[in-house]
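Q: Just so you know, the protein sequences line up as chains E and Z, in that order.
FYI, the numbering for the first sequence is 1 to 581, going by my numbering.
FYI, the numbering for the second sequence is 1001 to 1565, going by my numbering.
It should be emphasised that the hints constitute simulated quantities derived from the structure, not laboratory data.
Watch out, some of these pointers could steer you wrong.
What the hints assert, rightly or not - The calculated DSS-like cross-link candidates involving lysine-lysine, where the alpha carbons are at most 27 Å apart (straight line), are: (1) Z:Lys1079 <-> Z:Lys1177; (2) E:Lys570 <-> E:Lys284; (3) E:Lys30 <-> Z:Lys1189; (4) E:Lys137 <-> Z:Lys1283; (5) E:Lys570 <-> Z:Lys1044; (6) Z:Lys1343 <-> Z:Lys1329; (7) Z:Lys1197 <-> E:Lys137; (8) E:Lys439 <-> E:Lys357; (9) Z:Lys1441 <-> Z:Lys1474; (10) E:Lys319 <-> E:Lys402; (11) E:Lys185 <-> Z:Lys1079; (12) Z:Lys1045 <-> E:Lys570; (13) Z:Lys1240 <-> E:Lys40; (14) E:Lys570 <-> Z:Lys1145; (15) Z:Lys1180 <-> Z:Lys1329; (16) Z:Lys1093 <-> Z:Lys1044; (17) E:Lys284 <-> E:Lys185; (18) Z:Lys1180 <-> Z:Lys1079; (19) E:Lys185 <-> Z:Lys1027; (20) Z:Lys1437 <-> Z:Lys1421; (21) E:Lys30 <-> Z:Lys1197; (22) E:Lys261 <-> E:Lys185; (23) Z:Lys1240 <-> E:Lys137; (24) E:Lys438 <-> E:Lys385; (25) Z:Lys1334 <-> Z:Lys1421; (26) Z:Lys1145 <-> E:Lys185; (27) Z:Lys1180 <-> Z:Lys1157; (28) E:Lys185 <-> Z:Lys1177; (29) Z:Lys1197 <-> E:Lys40; (30) E:Lys439 <-> E:Lys427; (31) Z:Lys1093 <-> Z:Lys1157; (32) Z:Lys1177 <-> Z:Lys1189; (33) E:Lys402 <-> E:Lys389.
What follows is each chain in one-letter form.
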Amino acid sequence: MRRRDFAFLIPGAAMAQRSPVAAGQDPILKAMQDEMARAKPLGVVGGQPIYYLECALDDAQSFRATASLGALFSSNTSAFRVPRVGMRIGEKKFDNSNYMFSEVFMGTRFDPDQFPLDNNPTAMRQVYWLAIDRAYKTALEAIGRKRAALRNITQAEELPDFSDAPPVKLIAPVPAWSVDEDAWKSRITRLSKVFAVYPEIYTSSVDFESSRDVYYFANTEGSELRYTELLAFVRVRANGQAPDGMRVRDHAMFFASDVSKLPGEAAMEAEIRKCAETLKALSKAPVGDSYSGPVLFEAEASAQLFSDLIGSQASLFRKPVAEPGRQMNIPTGEFEGRLNSRVLPSGFTVVDDPTQKEYKGRPLMGHYPVDLEGVTPTPVVLVEKGTFKNYLSTRVPTRETKTSNGHARLPGSFGGYVSFSSNLFVKSEESMPAAGMKKKLIEMIQQRNKPYGLLVRKLDFPSTAAFDELRSMMAGLSSRPAPMPLQVYRVYPDGREELVRGLRFRGLNVRALKDILAVGDDEAQFDYMANGAPFSIVGGGNYVFGCTTVAPSILFEDLELERPQMELPKLPVVPPPPMTA
Amino acid sequence: MSYAQGVFPRILMVLPLVAFSLAAQPKSIQILDEELNRNYSALKKADPAPYFLAYQMIEQEASAVTATLGTLQSSTTGKSRSLEVSVRVGEPKLDNYRQIRGDRPQFSAAISMPLEDEPNAIRRRLWLETDRVFRSAAQRLINIKTNQQVKLEGDDKSGDFSSAPPVVKFETVAPLKFDKRIWEERARKWSAYFANKPEVLSSNVIVVGQREVKTLVNTEGTKLHHGRLYARILISARGKAGDGMNLTASETFEAEDMSRLPDEKTVQAAVEKVYQKLAALLKSPLAEPYTGPAILSGKAAGVFFHEIFGHRIEGHRQKDESEGQTFTKMVGQKILPDFLSVKMDPTLHRLANTDLYGWYGFDDEGVEARPVSVVKAGVLENFLLSRSPINGFPVSNGHGRKQAGAEVVARQSNLVVESSKSVTNAELRKALIEEVKKQNKPYGLYFEEVTSGFTITSRRGLQAFSVAPVMVYKVFADGRPDQLVRGSDIVGTPLTSFSKIALTSNETTVFNGYCGAESGQVPVSAASPALLVSEIEISLRERSQERPPYLERPPGPTISAGGLK
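Isolated chain E (complex conformation) (with noise of 0.2 Å):
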């Protein structure tokens, strides 16, 4: 039934599924090839020649689900397409792209940005017809006020605006894809439930998402792209408040990238009540002191802090022609200047490999077969025995990046896509036994005659943080901080661990990673969605896609948390509601 619906209401993509198109007959990438083809002349009009054209379109359907305590709040199906068309005139070495305002259109838009559902060839010609238009008239307004601009200013070094890559066909066929709304609905709403027992917790939430997205891509280049990117997942959320008020939170998470393969019901729920005891414990455990001493990761937290730490920060950001006098604070990756330089101690290997599907027979999620450009990707060795080696890149060349390695993976601004890992391996040729790291963390506190040490369990990433909360949290900060710490405990000498609630870390960056002393030889492969938001906050971006980063647990020399002065709110005036069986 709900199959039919589908199949009505996108008869292009259910016939799709029925019969794989071959290359170069698929109705949209022929759509997009037409009206590249016409756009040639616009470059004898307008006397700046077109050198490079691509079309895409992300044809996405999803269905999410949210309950929260034994409820349905929502329940969406959607089903979009959304074209974007890029542009570039002049030559590679000077084009319209890296300047400030490279995608300002002040005209009137007239392509809209819903394609049509039905592969409907005048229709969907018409959409790339207005939008490569408008993409010519912003590309000439744009190279001749980046001219005007550089007559008034220098730029520190020229660098070409595009570099080659070589052209890429991939059609492959689009997979079916449905869900069981039904059994999910009622799924999550059994799942929310478990939050029912626990009156401490204020707000808990279960979304559940199942999508498929179907990638389109041609170039001028003759590139011809067809893929599809499967992602489900259910997030969990709760929020409670301290007795002196501060508020305390938890998450959990699962993913894969085929429905079929999250986890089952009864393993989420106990991770879910996993989740609820532990915030419950937190909204009980006492405030954390600020500390500076050995901190242990656990595998887990490690692999967290690492895909902040490296996997978003491993690309160069081309900082773009700005107007003389408006110059643009635009941070370049925390990685810039650091080629060749010792960044973690030298027993480090840090991969990015999106050619993996799998590692130890778990999916990985960062994997692709090509780039949004249309580029295949290659590993990356972005740290080697310690020291940086590489930059994640797109066709926008940076000062160290002349050409792509396969990374781009986020539509970007100025004309160019934006660089991120993928699947982050972050191993060590000298690692301890994993279970002996505890015990070197009680070692060391007992030499500084320190009464605890730290560990940490779970990081604040992909962020749950309401925006106001990291907004403030980032306020007034120099350095880009790491994200917060979730779940902290104290290390006693006689091995008990105590939560504590409240602490943050201090200076926690990429030059902290050289004081790692140890390393176990335990490994966590922690799955999330990207999004290019800081800590890929969720809701942070309409834009998101999968990563996967392994990495073991890692015991820092000294490292400072600190309990931040903020004004706590209040507890509510009138005590909760009971809670009903």
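Once you have looked at the hints, place chain Z on chain E.
A: Below, chain Z without anything else, positioned relative to chain E:
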């Protein structure tokens, strides 16, 4: 002469178009009411204490289909529930809603609620949201009291909240019947008309069906469950004239439910009309700045009154010291020609063979809707009132409205202009030509259609308005055929403009749409006979100078089969 059509709908009104029936108390009311009382009795002990608490839950169900050039762009169905908490601390004479120098408070936020009446989930949300709103209400009251000590009082000393009788009523709202398959197919078919019209750069046919159910409880004992259906078809097409001017033509249909929308043929004709209007506009010459006599069609006059008059009689503007207060002190005085009357009637469902969009049974404060005679025979009688009283008008007349998530202010409903000096349309045209000759002008103007307008009511701005006409014709004194012109705006100031109305037609037409103001978007109607004005001013509209697309439109399906390279 009394206005014949105005009476007719009142008879219709007692034949409800949506099947209402009295139902037992819904479970949602019970949950909301219990939590309301639990919170209220506990908060009573706080300082400052609330004297009023209200919960409104709005359930919205909507289906929408969008098509272009014979294909579907989107087809969505959704259902959601949101909650708004209203807390008043202090006392009715002075509470947290007091407006100080244009600073309009915003306490409520539409937070999402479960789709089912599940007590645990609902109660938790109510509890936390009540706490949030109470805290910000209490904080604002303290600020207001401080502010009062340092600032002079305004002219209005009427207090912040008026009493209203509690209402207990549970109505059943008919289900939304939106046959997706049928509407998708029709939207595809209608939109396909533009597929071989190269001058149309973008076009849409949108069909929307919507159901809204409001559940309201307050600490005065009101328990209300009511709602309505909406149905709408929007057809629009955009193009660009050779000189760069962007042009839009549209037609819409509004009805009380899907079954009352016009038949396929009528919509198809409207699609064709949209194209004809756009094609004519694209070829038409530019308008010139002009002052002289004109006719506003009934729809155009409706929008004219809505903007220029309707917004200025909204109650809250009469007590806001930052407002222009054009009419505040003119009650009992003549503000319109004596042959004109204006009423605001949310109880009207239908007028001039058209379903009205601005009706409701109860406003967003739970006050029962009622007709309000605003101007009688040219004399200002009344303002539109929410439960925020103003000098001389101590109680609500059921016009407290808002969009989910906003705070209530007084808003318009169904505006109806009635005339006792009316002639047939043909005679009105004759009168225009005579006026043109009398003023020695080469031509007069006929405003057939206007899309929207805006008006500045703030004291800081000019007390002016601007209305954007779409279809404007020059009507020549020498009998030449009318000529369509493009690119003009009607501009003026309210009091002067009203004094120029000379005569009306005897045929009323209706404009349905959404009105946006401080409390968000609300559905409204404006109905009026055509007006002859002895003087109106038009100015040139700002226009785009950007080129039309460089390339021709891609070939249509029949041509592409011929062998595109």
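Q: Hint by hint, which ones does this structure get wrong, listed from lowest number up?
A: Hints 8, 15, 17, 26 and 27 are the ones this structure does not satisfy, whereas the remaining hints hold.
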